[in-house]
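2 protein chains.
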Amino acid sequence: MLGARTGSEVRLGQDGSRRQTAGTLLRHVHLGGVLTRAELAAKMGLNRSTIMALTAELVAAGLVREEAPRETGRAGRPSLVVRPESQRWYVLGFDVAVDRLIAARVGLGGTILDRREAVRPRAGVDLERVVEVLGWFGRQLHRTAPPDATCVGVGASYCGMIQPGDGLVRYGPDLGWVDQAFGAELGRRLGLGLPVRVGNEAHLGALAELHRGAGIGLRNLIYLHGDVGVGGGIIVGGKLLDGDGGYGSEVGHMVVNPYDGRPCLCGSAGCLEAEVGERALLDAAGRPAELFGRDAVRAVVRDARRGDQQASEALERIGDWLGIGVANLINLFNPGVVLFGGMLRDLFPGTVTQVRARIARNVLPVARERVELRVAALGDDTTLTGAADLGFSGLLADPTNPLPALGRAAAPANPAPASAQR
Amino acid sequence: MLGARTGSEVRLGQDGSRRQTAGTLLRHVHLGGVLTRAELAAKMGLNRSTIMALTAELVAAGLVREEAPRETGRAGRPSLVVRPESQRWYVLGFDVAVDRLIAARVGLGGTILDRREAVRPRAGVDLERVVEVLGWFGRQLHRTAPPDATCVGVGASYCGMIQPGDGLVRYGPDLGWVDQAFGAELGRRLGLGLPVRVGNEAHLGALAELHRGAGIGLRNLIYLHGDVGVGGGIIVGGKLLDGDGGYGSEVGHMVVNPYDGRPCLCGSAGCLEAEVGERALLDAAGRPAELFGRDAVRAVVRDARRGDQQASEALERIGDWLGIGVANLINLFNPGVVLFGGMLRDLFPGTVTQVRARIARNVLPVARERVELRVAALGDDTTLTGAADLGFSGLLADPTNPLPALGRAAAPANPAPASAQR
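Chains H and Z, in that order, are what the protein sequence lines are. At position 188 of the first sequence the residue is numbered 187 (numbering that gives the first Met the number 0), and the sequence of numbers has no breaks. At position 184 of the second sequence the residue is numbered 183 (numbering that gives the first Met the number 0), and the sequence of numbers has no breaks.
Hints are computed from structural coordinates only; laboratory data are not their basis. Be a bit skeptical, because a hint or two may be false.
[Claimed, not checked] Covered by chain Z, per the in silico footprint, the following chain H stretches (three or more residues, Cβ under 8 Å):
{"no.": "1", "stretch": "159-171"}
{"no.": "2", "stretch": "239-249"}
{"no.": "3", "stretch": "256-264"}
{"no.": "4", "stretch": "332-338"}
{"no.": "5", "stretch": "356-369"}
Note that CB positions come from ideal geometry on N, CA and C, so glycine has one too.
Put together the whole structure using the sequences plus the hints.
As structure tokens, this is what we get:
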């Protein structure tokens, strides 16, 4: 990458461990934002002269810049801060949720620079249509980027189980996908010559919250992501629980109601997501079957706040099932925090009483002593941010690794698909 | 330790990393039994001359010996094998299960050299009585050890939640213990001047199976331990899932039956252990309330095999609840293997059909593609072996660390308690 632009940018040494250390520093700046050299030295356990040398190389490569902090409040010459070159290096991040498609241009450091969003119709969303819309958004975002900005990766979040390595959607019950080559197809549509790294939405949401959100510094964290169903991303000892095949943390299909459980899209019944998902809430609140989506969910929350009895009872009912799931997870994981994201963030105020009651009743006392319940700090962009971070992973693993030359002239023509909505 | 015996035994260098490497080699021999130098070199990623030097130091310290293998089948001079000095170095291992108390002298390498066992009466077993019996057994085992054998540690397994570091039983619902200083009290009774390291029975069982049993080489493993209730030890990415406080892997109190669940000793109802534990099985099989313990459980299994309808249906019922729990765990952990130990090992043949049916029905297809169900390979000694390994952890962390001189004359007098049974 660095060599593709100007001669002065090729500086970082050939030595593997130095490349890795430079990548670690860049990762701290990417995740932590503006940091002083002293903060970097403390985080990395290195002395300040090493930090200074590494920073100088990253500055020469055009990846970060050093500058005076805005205000110091102290006398004397202020210590310089290191800041990512957010406008100059970006990724394309995509988020395939059950109810919407999002694409964004995200700068180094995690700033969302530009975005496109389409409400996804509930039925008939096959691979072809999803990559058509996302491909069009992506090419548009790429074309409208400033002339001195470079795309260094592509990351995507998907509401289903993803095969590690190739972005194959093994199983996405909410969209009805089985073994669909999503990553490869989206990469082909984008035509940027970059691989598309794909992850499960709740896994990526958990990592984003761990690195930049409400989970910073935690070792053990449960992230529950409400989409139309419920996904999970569980951090055990600082690492994502992905299991043997990459399909771990699947909380949504924990059976909580073995007797008269609601049918689930997975083919079973009584799964957590069948009992607390969007449809369960809307049905319990007496909403017509034609209504769906986040606005409909938020209307129930709003109505409950305004005193609508049926809406309040619906939230309580969902809260009790959710509480059983949360209690089971706390017994299993003894986490520091349980985080509620996506739609569950909206439901949090109306369900937290029931969740706490279930924790008090069903979690062994020693495991609930210190657990906290929180909402996701990154709001509606938790999964999109996780996808963008995944897109940056190649650059952060090795900031000296030459990328394919990404001549803007080489970007493919971009005919508007009939289906895309702004 | 080494200096306390003969001058020739003090050899291992002062250098921290070399001590650690020697400890790693000793750990391989302890867990793997008899190994050739070539096998050690491969396991440790070191060259054979380094292995030879480290082995020589451990031989000089009296911790291992090298010898010709029993049979080679090949011509030429056979490669020497390294074998732990099992008779010379031992730990005391204790196992406090709900239904019995066990003490054993376990040699380096994991061989059980001598043991004592007491059937535990169901009611009225307080800390005082447990440590009285175990202390008496332990002192007896220590006194009757060969004169050239040295006790290098004490480990104990307990059927409850243990505070890491000090062996405090935070919560043991089956024995009714809350915040009992088990480790400290047992150490005082033994009077050996050695700390007693205590772990949860299912945690220790999981580690024992991972290191020496049916879980060797696995990264993700679920160990379910049937005692009177059900405990869990879950291995995630090669490490025990213990959570923020050390209380993770608590599968027994996962709510599986939220409607008409059987009451649980934890105060809740419908917990996995309430639905599949000893009492649930005996009740379902129509056994009188006065019967309890492993023999009663095994009688149900035997009767079912002989065609007793009620016993068969009891196993099926327990198998279905167990299957819900197992399916939930597979969805969460995407493990390679689920292992059944303790009483669940006895129930395995009679419940596996129901467990498999639940897996087929409730686990998402991609997460069940490769999972295997197995029984614990260490039989009834899974938890005891784990306790002994915990006792060896100090020696294995640093084989050069001097231990307190354990003069056999200093062992306290050993009056027989009225309650101990052989």
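Item to check | Structure-inconsistent hints, enumerated in ascending order | outcome: Of the numbered hints given earlier, the structure breaks none, since each of them holds.
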